[in-house]
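A.B. asks: All chains, please: the whole structure from these sequences, using the hints.
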Amino acid sequence: MENIKELILAKVSDAVIEDKQYLTVTVKPEDLRTLAKMLRYDEGFDYLIQLTGVDYGDSLGVVYLLAKSEDMAVCIVIKTATADKENPTLPTVSDMWKAANWNEREVYDYFGVIFINHPDMRHLFLTERWKGYPLRKDYDAGRDVNPLDLKSYDMSDTTVSYVSEGDGIKKIEKNLFEEEDYVVNIGPQHPATHGVLHFRTALDGEIIKKIDANCGYIHRGVEKLCEGLTYPQSLHFTDRLDYLSAHIYRHGLCMCVEKAAGIEVPERAEVIRTIMDELQRIDSHLIAWSCMCQDMSALTAFIYGMRDREKILDIFEETGGGRLIQNYNVIGGVMADIHPNFVQRVKDFIPVMRKGLKEYHQLYTGNVIARERMIGVGVMSKETAIAYGVTGPAARASGVHCDLRKIAPYAAYDKVEFKEIIRMEGDSMARYMNRLDEIEESLHIIEQLIDNIPEGDFCAKTKAIIKLPEGEYFQRVEGGRGEWGVYILSKGDKTPYRMKFRSPCMTLVNAMDTISRGGKIADLITIGGSMDYIIPDIDR
Amino acid sequence: MEVKDIKIKGISYDEFKDNDSLEKYVEELRANGVGIITGVLDDIINWGRSNSLWPLTFATSCCGIEFMAVGAARYDFARFGFEVTRNSPRQADVIIVAGTIVDKMAPVLKRLYDQMAEPKYVIAMGSCAISGGPFCNSYCVVNGVDEFLPVDVYVPGCPPKPEALLYGMMQLQRKVKMERFMFKDKEVKENE
Numbered sequence: 000m001e002n003i004k005e006l007i008l009a010k011v012s013d014a015v016i017e018d019k020q021y022l023t024v025t026v027k028p029e030d031l032r033t034l035a036k037m038l039r040y041d042e043g044f045d046y047l048i049q050l051t052g053v054d055y056g057d058s059l060g061v062v063y064l065l066a067k068s069e070d071m072a073v074c075i076v077i078k079t080a081t082a083d084k085e086n087p088t089l090p091t092v093s094d095m096w097k098a099a100n101w102n103e104r105e106v107y108d109y110f111g112v113i114f115i116n117h118p119d120m121r122h123l124f125l126t127e128r129w130k131g132y133p134l135r136k137d138y139d140a141g142r143d144v145n146p147l148d149l150k151s152y153d154m155s156d157t158t159v160s161y162v163s164e165g166d167g168i169k170k171i172e173k174n175l176f177e178e179e180d181y182v183v184n185i186g187p188q189h190p191a192t193h194g195v196l197h198f199r200t201a202l203d204g205e206i207i208k209k210i211d212a213n214c215g216y217i218h219r220g221v222e223k224l225c226e227g228l229t230y231p232q233s234l235h236f237t238d239r240l241d242y243l244s245a246h247i248y249r250h251g252l253c254m255c256v257e258k259a260a261g262i263e264v265p266e267r268a269e270v271i272r273t274i275m276d277e278l279q280r281i282d283s284h285l286i287a288w289s290c291m292c293q294d295m296s297a298l299t300a301f302i303y304g305m306r307d308r309e310k311i312l313d314i315f316e317e318t319g320g321g322r323l324i325q326n327y328n329v330i331g332g333v334m335a336d337i338h339p340n341f342v343q344r345v346k347d348f349i350p351v352m353r354k355g356l357k358e359y360h361q362l363y364t365g366n367v368i369a370r371e372r373m374i375g376v377g378v379m380s381k382e383t384a385i386a387y388g389v390t391g392p393a394a395r396a397s398g399v400h401c402d403l404r405k406i407a408p409y410a411a412y413d414k415v416e417f418k419e420i421i422r423m424e425g426d427s428m429a430r431y432m433n434r435l436d437e438i439e440e441s442l443h444i445i446e447q448l449i450d451n452i453p454e455g456d457f458c459a460k461t462k463a464i465i466k467l468p469e470g471e472y473f474q475r476v477e478g479g480r481g482e483w484g485v486y487i488l489s490k491g492d493k494t495p496y497r498m499k500f501r502s503p504c505m506t507l508v509n510a511m512d513t514i515s516r517g518g519k520i521a522d523l524i525t526i527g528g529s530m531d532y533i534i535p536d537i538d539r
Numbered sequence: 000m001e002v003k004d005i006k007i008k009g010i011s012y013d014e015f016k017d018n019d020s021l022e023k024y025v026e027e028l029r030a031n032g033v034g035i036i037t038g039v040l041d042d043i044i045n046w047g048r049s050n051s052l053w054p055l056t057f058a059t060s061c062c063g064i065e066f067m068a069v070g071a072a073r074y075d076f077a078r079f080g081f082e083v084t085r086n087s088p089r090q091a092d093v094i095i096v097a098g099t100i101v102d103k104m105a106p107v108l109k110r111l112y113d114q115m116a117e118p119k120y121v122i123a124m125g126s127c128a129i130s131g132g133p134f135c136n137s138y139c140v141v142n143g144v145d146e147f148l149p150v151d152v153y154v155p156g157c158p159p160k161p162e163a164l165l166y167g168m169m170q171l172q173r174k175v176k177m178e179r180f181m182f183k184d185k186e187v188k189e190n191e
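Protein chains in written order, with numbering that gives the first Met the number 0: chain A, 0 to 539; chain B, 0 to 191.
What the hints contain is simulated information worked out from the structure, not anything from laboratory work. Computed from a prediction, not measured in an experiment: that's the story for all the values here. Glycine is no exception: its CB is placed at the ideal position from the N, C-alpha and C atoms.
Which chain B residues face chain A? A few, computed with CB under 7 Å, are given here:
1) SER60
2) ALA72
3) ASP102
4) ALA105
C.D. replies: Here you go:
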């Protein structure tokens, strides 16, 4: 990494380089693109993991977290800020990382920062009639500014782009669809969108020409709410982002706070957390499998998947108290010790699940109709996956080595053996098979740990009020649908100054347009099912 | 006036906790008196209606997964006549609002409700639909769907257990069983 410092200074002489959790480079907005280009094309930082807007008080900034696809553990942070709060502008990086497209729109939504040369500068989560920028520190959250309006409104068919011209900035209006396009609305209320997502699909006959995805129908403002709550209070929001990875997400946030506050987690808690994470992953993949099959009209498969899932929920309920959302992780460990029946129940579950997997393959994987509908459909190339920052089973089906449990092991993952499932085809079938194979790997992990839960405390003693030292903290975990990340900017208070959650599902939906173009409209649902996105995770 | 012993698949009247509001409801309904023939007809029609309440497939967040679980093999609400979920609001009798409703979604939900054919019912499932739940202080969350929809049954929980949702749905059945169906519209018009 020393080498990189010199290279950065050679390109951008006044860059400020700090050694923090990751190497952090602060540059002026005008140097941002020079640095970004160098890191992207010369140094191979082709994954844009996170893009976070921050209101520093006197300036509005953006924090970029980049990683290399060859080794996802190598990360670098770029920071930039503009002092102009009236008309804040920053250069876009969406031409280098496609993942930046939606992330920059999100920053525009939250902070009003306009990205110059961004192709599509619309609101992402909020409506066009929304006044103010909610995540700015001076935003008045009063309901009289933005009252609840029940009138239906037309969605605009145009988008804007801001281009620098001479000294000024020119606003260019563009049409989203062409004049002769036949546009079909799918959602926001649709049984096969897996939540409240809205696709506007331009068709040529039955061939998809373009998809314009609209989010924000479940945008709950979680990040703003977190700023007003203490760290233990904000934990429960993570459970409700991707409720099928509830336990894993909460684990991630707990780890971030523990690392920052220097809390040592007992070994027993680490192992319990790992077992729970894997059970949660099986649960998540089962739902993904059931719903994908149901989208292809295989209702029996749905019933089978839900049946086996109930056994995991029973285990959760007995130990954690909750079925879907367990609220089991706390800062320092877990809320309560495992139930006396826990070990036996998990052991009983493993053969049941193995038998179930065999049944699923017999029932559906070999089915002619299913194979015809999945093989070669919705192919996502490795380049597309990397450009959009896609992670998780979907990216591994395209040949990207991105399992954080392997690359940057946390909890007890360095003590267990398991395979990272990688397929090269990148089609719906590969994604489908990846999930079922990952269930088997998860069972394998659980088998190794269940008899070796160490004795001791299940939770470390923590102070009543947890304050994080001033600084920035990142934590990345492998959720059910990909890499989930948390970014905390602390000013030394008991509440975070800025908390950002990296959503794996956002990258999946962002990539939908590219991978389903040229395909048939009937396959859109299958592709969506195989990508398996959870909408509240996108909208936060 | 006493409430009739309304049978829900072998569960007796005493096993339901909230009977007071139903009794009050019946008292109001029968203050004007009910004819024997229309009363009997009402009973027959309501028996049919209450045992074929079809919900709309509608879920925004976490509660939706529990709603799915109630529909699947273990809990199976088809046992009580909720049979199938309908994908079109035109064919649905009851909308189960499962999940948080935010400002952008509210007009969509309102439109869905308006599209449903009368008589229609609303169940608010989970604390988000009841009051905004954990997100009630947010800048864009509706603090309860009863701000713009007439809610019939509230099912608390975050998310409610499947048993809780089943109980809530049975309460709705009981409510439907006691309703005045014949000449209901005419009477309402006369009162206006």
